[in-house]
Amino acid sequence: MTLLSAQNLTVHLGQVPVLENVSLHLSEGEIVTIVGPNGSGKSTLLRTLIGALVPEKGRVTRVPGLRIGYVPQRLHIDASLPITVRRFLDLTHRVSDADAQDALQAAGLGSLDKQQMATLSGGQFQRVLLARALLEKPHVLMLDEPTQGLDQPGSASFYRQIEAVRQDIGCAILMVSHELHVVMSASDRVICLNGHICCEGTPDVVSAAPAYRELFGTGTGGALALYRHDHDHAHDHDHTHEG
Amino acid sequence: MLDDFLVRAALASVGTAVGAGALGCFVVWRRMAYFGDAMAHAAILGVAISLGFSLSIYIGVSVIAVAVALLFLGLTGRGHSADATLGVIAHGGLALGIVAVAMMPGQRLSLESYLFGSVLTVSPTDVMVIWAGAAGIVTVLWYRWAALLMTTLSPDLAHASGFHPRREELVLTLLLALVVAVAIKVVGALLITALLIVPASAARMLVRTPEAMAVVSVVIGCVAALVGLRMAMTFDTPVGPTMVCVAVGCFACITLLRGMRRA
Chain A
1 MTLLSAQNLT VHLGQVPVLE NVSLHLSEGE IVTIVGPNGS GKSTLLRTLI
51 GALVPEKGRV TRVPGLRIGY VPQRLHIDAS LPITVRRFLD LTHRVSDADA
101 QDALQAAGLG SLDKQQMATL SGGQFQRVLL ARALLEKPHV LMLDEPTQGL
151 DQPGSASFYR QIEAVRQDIG CAILMVSHEL HVVMSASDRV ICLNGHICCE
201 GTPDVVSAAP AYRELFGTGT GGALALYRHD HDHAHDHDHT HEG
Chain B
1 MLDDFLVRAA LASVGTAVGA GALGCFVVWR RMAYFGDAMA HAAILGVAIS
51 LGFSLSIYIG VSVIAVAVAL LFLGLTGRGH SADATLGVIA HGGLALGIVA
101 VAMMPGQRLS LESYLFGSVL TVSPTDVMVI WAGAAGIVTV LWYRWAALLM
151 TTLSPDLAHA SGFHPRREEL VLTLLLALVV AVAIKVVGAL LITALLIVPA
201 SAARMLVRTP EAMAVVSVVI GCVAALVGLR MAMTFDTPVG PTMVCVAVGC
251 FACITLLRGM RRA
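Order-wise, the sequence lines are chains A and B. Going by our numbering, the letters in the first sequence line up with residues 1 to 243, in that order. Going by our numbering, the letters in the second sequence line up with residues 1 to 263, in that order.
Calculated directly from the structure, the hints in this document are not laboratory data. Treat the numbers as computed from the prediction; the structure is a model and nothing was measured. Note that beta-carbon positions come from the ideal geometry of N, C-alpha and C, so glycine has one too. It is possible that part of the hints are untrue.
Said to hold, decoys possible - Each pair of labels, with its calculated beta carbon distance range:
#1 A:28 to B:142: 17 to 23 angstroms
#2 A:110 to B:252: 36 to 42 angstroms
#3 B:82 to A:80: 17 to 23 angstroms
#4 B:92 to A:169: 52 to 58 angstroms
#5 B:56 to A:196: 56 to 62 angstroms
#6 B:88 to A:196: 39 to 45 angstroms
#7 B:142 to A:96: 21 to 27 angstroms
#8 B:70 to A:153: 39 to 45 angstroms
#9 B:170 to A:12: 21 to 27 angstroms
#10 A:201 to B:92: 55 to 61 angstroms
#11 B:145 to A:153: 35 to 41 angstroms
#12 A:188 to B:88: 51 to 57 angstroms
#13 B:88 to A:122: 37 to 43 angstroms
The shape of chain A in the complex, shown without the other chains (with noise of 0.2 angstroms):
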């Protein structure tokens, strides 16, 4: 069943337009990562199906009832504003301790309910925001760059948490990264982005198409796009590979 889709979105900031002509779809306990270089307009996507953004032009379905789990970038507390782990845990709705357990649990993290939000780590941080999208019970989870500013193991060791939350609970899972190799192997769809869909399709489709090799081939030298893929394809020049 489709979840959520998006028909022919164009999507303004300011005059400036940030998206053309997007269509996508999401079915029950699929994962989809966007990619796309910065700028391209992923997080413009995912705020536009949340519905912070207004479409100039094209619309978004949501199955009616549709609670979706979302986890920014990045949230910035103001210093003013005191809060516990345990109290942001209830923003939306009040849950119970043992479901709030559950959830930071689930998150991969100990008890630190009575620690202040402004206290914590930066990888702690996001599970949080991690614990607390998964108790709206989501049946979309919306991950934005969520390892944003963690290291590597950090980050790895976030997406094996989400890949664990998926099995667990199943929801559907809509991410946008720019971590191509940790993120294609989990996914069952990508759909790459620059300010248009350039390509979309499992991972292995993806990786082969040109616009793909385009998009991350020029300016990073082809590291980006040889770093899954480096066994995959035939060289027309002779090295060879470190590490």
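Dock chain B against chain A, hints included.
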């Protein structure tokens, strides 16, 4: 009971402290202090309009406070910076209001009472209007608390959870206009923002959750109102500014005590 002017003054002050103390938390969290200032200062223009057309002060002040909010949204939407826009509105409204009142025969004295407050002259009707306003503010905050708090933390999170952050922001703006209308007779236009900011900022140092901050802020506001009124009687000082002095005193004591405990 309402026959005694001191009882009326105490009731009016406490009512104002309750409304301002609770809403003040949002003003602090959202950094709207200067916005509140602009509304309060421009309210003098509302006073002038009310005196000119023999309207209730509460109507003139509320209308101007809402007009300030709309004007602000309109101007910042056209690319003016928020800071400068608020400065223009605040001082433009204040100056225009003072000039307008000065041109009305026999009203110069009443102007001062709206700039600095005159809680000792509130009527039983004033007390009822103030308490109705305070009750309205607390009721709206109570029922919309989750939506308002989430909007303050992150409009995107609020959207994703099915709230309407733009509507909640409008609610906060209207409540702020209501506080200005309620407080202008008690502390006067120049010090209204102090009742919003000072108790909430003092409360911030003592609490761990947003709800506790609202409650403690109301308590500190009420203490400042009653102690301030008492001290104003003893030392024969203007009531509104004395209340603000007590509130600032609370803020200073809490800051010092916390500093000593940490040292």
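Verification of the supplied hints:
no.	hint	verdict
1	A:28 to B:142: 17 to 23 angstroms	violated, 38 angstroms
2	A:110 to B:252: 36 to 42 angstroms	holds, 39 angstroms
3	B:82 to A:80: 17 to 23 angstroms	holds, 18 angstroms
4	B:92 to A:169: 52 to 58 angstroms	holds, 56 angstroms
5	B:56 to A:196: 56 to 62 angstroms	holds, 58 angstroms
6	B:88 to A:196: 39 to 45 angstroms	holds, 42 angstroms
7	B:142 to A:96: 21 to 27 angstroms	holds, 22 angstroms
8	B:70 to A:153: 39 to 45 angstroms	violated, 52 angstroms
9	B:170 to A:12: 21 to 27 angstroms	holds, 23 angstroms
10	A:201 to B:92: 55 to 61 angstroms	holds, 59 angstroms
11	B:145 to A:153: 35 to 41 angstroms	holds, 39 angstroms
12	A:188 to B:88: 51 to 57 angstroms	holds, 55 angstroms
13	B:88 to A:122: 37 to 43 angstroms	holds, 40 angstroms
Hint compliance for this structure: hints 1, 8 are broken, all remaining hints hold.
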